[in-house]
Amino acid sequence: MDIRTLVEQQRDYIISMRREFHRHPEVSGKELHTREVLIRELEAMGVPYEKLPGTGLIATIEGAQPGINRVLRSDIDALPVQEDENNLKQKKACISEVAGACHACGHDAHMAMLLGTMKVLLQLKDQLKGNVYCCFEEGEETNCGIDTMMEALKKYKVDECFALHVYNALDAGKVNVVAGPRMAGTIGIGIYLHGKAGHGSRPDQAISTIIPAAHIITQLNSAFMNQLNVEETVTLGFGMLQAGTATNVIPDEAYIGGTARFFNAEEGEKALKIIDKVTEATAATFNCTVSYQGRHNISPKAVINDPQVVGRVQAEMEKLGAGDKLADCDRWFASECYSAYLDRYPGALGMLGIRNAELGSGAAHHNGKFDIDESALPLGTLTELAFVFSHND
Numbered sequence: 468m469d470i471r472t473l474v475e476q477q478r479d480y481i482i483s484m485r486r487e488f489h490r491h492p493e494v495s496g497k498e499l500h501t502r503e504v505l506i507r508e509l510e511a512m513g514v515p516y517e518k519l520p521g522t523g524l525i526a527t528i529e530g531a532q533p534g535i536n537r538v539l540r541s542d543i544d545a546l547p548v549q550e551d552e553n554n555l556k557q558k559k560a561c562i563s564e565v566a567g568a569c570h571a572c573g574h575d576a577h578m579a580m581l582l583g584t585m586k587v588l589l590q591l592k593d594q595l596k597g598n599v600y601c602c603f604e605e606g607e608e609t610n611c612g613i614d615t616m617m618e619a620l621k622k623y624k625v626d627e628c629f630a631l632h633v634y635n636a637l638d639a640g641k642v643n644v645v646a647g648p649r650m651a652g653t654i655g656i657g658i659y660l661h662g663k664a665g666h667g668s669r670p671d672q673a674i675s676t677i678i679p680a681a682h683i684i685t686q687l688n689s690a691f692m693n694q695l696n697v698e699e700t701v702t703l704g705f706g707m708l709q710a711g712t713a714t715n716v717i718p719d720e721a722y723i724g725g726t727a728r729f730f731n732a733e734e735g736e737k738a739l740k741i742i743d744k745v746t747e748a749t750a751a752t753f754n755c756t757v758s759y760q761g762r763h764n765i766s767p768k769a770v771i772n773d774p775q776v777v778g779r780v781q782a783e784m785e786k787l788g789a790g791d792k793l794a795d796c797d798r799w800f801a802s803e804c805y806s807a808y809l810d811r812y813p814g815a816l817g818m819l820g821i822r823n824a825e826l827g828s829g830a831a832h833h834n835g836k837f838d839i840d841e842s843a844l845p846l847g848t849l850t851e852l853a854f855v856f857s858h859n860d
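Count along the sequence shown starting at 1, add 467, and that's the number in the numbering used here.
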């Protein structure tokens, strides 16, 4: 029986698991029930696993022969977003039963596809060379589980790593696996300005933090435009400016929060230096001092796929009769802590299309209307199997 037939046999299982996870979302670091469901499925398969501190898991499928050891990674957390019962066109097939939380980024699908992949791998175990470590990572949305996972993986011999992410900007029935930058790195911006409070009628007797905050925001936009390589896209977005509680009181503290996104590591480092330089020079001009929030750094880095690994995966997709499913799509300016795996091991991240205008899927990630075309999920499992068997020699 060929691999595509084995995958098709798991279609109903994959969709049912996705819906179970979708109905019971848990936000970052609190995925206790989610982990219990995963453990239930792993034990039913007879797959050994390691429980990590927190809510993560590493499950191991041992090959019948020695060979390349790979990581297949899935995130497991949901978002603190209220789900809309409708997608872009109609009522969804399945919605969250938890108020204020939902799987609006597709991690429910990631878990379901990986479980489906594991069930097929168990049927192909005699053909498998090397081990497959299936990593179910807690807290991707807040990066709260990545350090624990990377520490745990140190005791496993890993040669390559892979992940798959559903993507709303790619049509269902297509998957993107290409070399080079695929998801952006992030500069977290968290700036505190410290001044001296005073009465609004006497600004000369106070040290305002609002005025330098405004200058910093406008000057950073100008500095990015004039000092960064225009051929290497770096975006800058501010989402928070907090200062004061009364109109007639000059506040002694202000907070500026935002992010910058980049694909080129050198430009990312340069952008962070510009942020700090402009901030500190401007604050000094207005007699303020500066401190930084812990998130004020580069994390995560950009996701950059290894060309040799990608070439093997594309060849394996052709071998599996799914070469026509490979498609191009733009780089994604969202960020992924999966880049930490790629920092340590050669590997790749694929993007699975879930957009279907007729169904109404294709709303932006992290949006209450986000939905997926579930018919695309078996292709995701097939792609994960291509990841595994692309280096099965």
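Hints may be right or wrong, so weigh each one.
As the list claims (entries may be wrong) - Taking lysine to aspartate or glutamate and the DMTMM-like style, the derived pairs with C-alpha atoms no more than 25 Å apart in a straight line are:
| # | residue 1 | residue 2 |
| --- | --- | --- |
| 1 | Lys744 | Glu699 |
| 2 | Lys592 | Glu517 |
| 3 | Lys641 | Asp469 |
| 4 | Lys559 | Glu608 |
| 5 | Lys621 | Asp469 |
| 6 | Lys497 | Asp593 |
| 7 | Lys737 | Glu785 |
| 8 | Lys836 | Glu564 |
| 9 | Lys786 | Glu608 |
Read the hints as simulated data drawn from the structure, not as lab findings.
Quick rundown of the hints versus the structure:
no.: 1; hint: Lys744 <-> Glu699; result: holds (21 Å)
no.: 2; hint: Lys592 <-> Glu517; result: holds (20 Å)
no.: 3; hint: Lys641 <-> Asp469; result: holds (20 Å)
no.: 4; hint: Lys559 <-> Glu608; result: holds (23 Å)
no.: 5; hint: Lys621 <-> Asp469; result: violated (35 Å)
no.: 6; hint: Lys497 <-> Asp593; result: violated (37 Å)
no.: 7; hint: Lys737 <-> Glu785; result: violated (41 Å)
no.: 8; hint: Lys836 <-> Glu564; result: holds (15 Å)
no.: 9; hint: Lys786 <-> Glu608; result: violated (35 Å)
In the structure shown, a violation is registered for the earlier hints numbered 5, 6, 7 and 9, in ascending order.
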